[in-house]
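*Asks:* Given these sequences and hints, build the entire structure.
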Amino acid sequence: MPLSMAKEKELFKIEKILGGNNLRQRLSAMGLYEGNTVKVYSNGSTGPIIVVVANSKIAIGRGMAQKIMVTPAT
Amino acid sequence: MNIAFTGNPNVGKTAIINAIAGSKLKVGNWPGVTVEKKTATFIYKEKEITLTDLPGVYSLSPYTLEERITRDFILEEKPDCIVNVIDSTNLERNLYLTLLLMEMEKPIILAFNMFDELKKSGYKIDIETISEMLGVNIVPTTAIKKEGLDTLMDLAIECKSSNQKTIKYKLRYEGFLEHEIEDIIKKLKENSINSKYPLRWIAIKLIEKDEYALKKLKEETSKDLSSLAKENIMRIEERFGEDTEAVLSQTRYGIINGILKKTLKKPHKTNINITEKLDKIFLNRLLGLPIFFVFMYFVFKFTFDGSAPLIDWIDGFINGYLAKYVQQAISFCPNWLQSLLIDGTLSGVGLVLSFIPLMFFLYFFLAILEESGYMARAAFVMDRLMSSLGLNGKAFIPLILGFGCNVPAIYAARALENESDRKLTAIMVPFMSCGARLPIYSLFTGVFFIHYQALIVLSLYALGIVVAFIVAMFLRKTKPFKAEKTQLLLELPPYRFPTLKMLWISVWARTRAFIIKAGTVIALTMVLLWGVINLPPNSTPQNSILGKTARVATPLFAPTGFDRWEIVATIIPGMIAKETVVGALAQTLNIQEDKNNEANNTTFIEDTKEQIVSLSNAIVESFKNMFFSIKQQTFELEDAQDNYKTKISSILTPLQAYSFMVFMLLFIPCIVTLAAIYQEFGLSLVLFEMALLTIIPYITSTLIYQMGKILNLN
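As given, the protein sequences belong to chains A and B, one line each in that order. If you read the first sequence in the working numbering, its first letter stands for residue 377, the second for the next number, and so on. If you read the second sequence in the working numbering, its first letter stands for residue 60, the second for the next number, and so on.
If you're looking for bench data, these hints aren't it; they were derived computationally from the structure. Bear in mind that the values here come from a model prediction, so they are computed numbers and not experimental data. Accuracy of the hints is not assured; some may be wrong.
[Claimed, not checked] Partial list, computed: chain A residues near chain B (C-beta under 10 angstroms):
1. I393
2. R402
3. L403
4. L408
5. S418
6. G420
7. P424
8. I426
9. A430
10. S432
11. I436
12. G437
13. R438
Ideal placement from N, C-alpha and C gives every residue a C-beta, glycine not left out.
*Replies:* The structure is reproduced here in structure tokens:
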């Protein structure tokens, strides 16, 4: 499922990032690369969502979050 | 020697540079763009050092301006040493940039900054092993306590000779990938590609399909290398089942995690820190927005109400005190020369100086927002609201400041992440009705709309906002301002207390840049405009260059309704500053303002004493305004003087007066704003603005006047 639908306060593993070279390089430089685990810090029904990855909080626009495919991680 | 500092945003790089270079720091922009460039030249241990602060970046992809600047600087300018500043509390992500930098095979050392925070939170770290595994020198630093900075500089000076050899051999990627990289290097050699770039770096960029690198290589070698690594790319993608750049970034993170597993021991439990507590409030879905508005109110209030008494003092000091004694000293000169020196040059200098308190206060409060980490939250909180208008969340701050004064608002546009957003915001700012336009509204509404004064003024503010958004929407569709619908992607750094010294250095460096760069433009323009208004010598307002030009130009303004030369002639002084319009009108309408000449009887010592007293009063007043007064003084209307009323109402109708106010609202705000745009964005945007801010007010005034006539509002 896309990260935009992920539940707050839970851990998710990034499976696939849809989108071009540009987006993927920017995301992976911030720690959002395929295979890594993120924690969803806040996810309202609209607006950007916030994840915690590698010790830092990152706000991601909703549209971008729709391109990040995740699965729940335990 | 040249030392370049690079690193992720929010790692304390600025603090390190401020501590090392201090007052030597010069702020400017990278050529042709609005990305801030800080440099400093100083002597360290008998060596002349040129220090360059590269923009904060996460990676070196060619997709953002900051990343391209960093990448080009390292590859083209070949600094003698790259100091990669790293946030020790966030090694995994920070070292990613380090690996990218190391691929470029330039001399590099690492500063593990905020080292005290890492230790305080209970981590155990083996720096020597990290240094050994990466093959680069590492210095633990704590910039705010100035720890480790001497060692850092000592190593930076020797960095070229000591570790150039090691870097090439230490960093190797996963076997299969490295094999393909070597294969490409072999092919590059076979094709006798001679490049100033390292071959291994070229090979990696070919695998990553980096178009910017391909373009640069084509320019350099006049060969198209895009197909050289085709087979390698296919083999890699087949083997890993993923795109090559995903493979590369995972490989890099693999190396980093391998190193950290051996060298970094996490504490058993992490305690909830101040950042978590604050974010619960500042990022709260209900409270976030109101809190943001409260902060904005205080920034606005502190900036404008705090600086106002000081601005008044500088104005009085230059145009009252200094002008009086300069006049006495040059009284032997012919009248026109006295006027040029005092009304042209001195008041031009005074205009520049009077902006210093404003710039200083603005930079100070913006720096607090920026350095404390709140600015990123502001962007997050405002994103929902502003993105519906196609704008970045941070654009809100410059636009709000614009209501106080357009000049600091232009500089505040710096906080936005991308170039086209910055430009677009700077174009919208002049439509925000600043405090200096109020006296014009006061005068005309006082004469024509005495019972609806507040409503009419409010309608002008609203019109400015509407026009700004319409213009922005149109420009967004044109090529130079088109942004790929930029989605928010922003780190929310931990909250940190900015130190006063750090704030002081960055505030002073920026204020100084304003005085030098914008100041020269302003002073020169002032002299030029003095000529237009006052030449030929001893002319009356009617037969000066200005008066004559106004008479010729007046018919052009027929569609707008205010086609009276007395009115049209105030447009040029209005370009200097909107404050001068009312005074200029007094001249063209021949209105005698009651001047009190009592000051002339005082002595130099008395005057000097008075200046000192009024300065200390101004400082007290500034504090009072900021902390002990709730009233917002920027929006106060003053009463129109009686002697204007009869004369103005005899030449204009209310509708024509409204049309003129609209024109003044939308017209070029002042030369200082233009100078600010020049400093930040260069000449082309200034020319564009001048055209835009002439055409739009003309059209809008015409529309309003003509529509009003049809509706019989005249």
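*Asks:* Hint by hint, work out which the structure violates, then give me just those numbers in ascending order.
*Replies:* none
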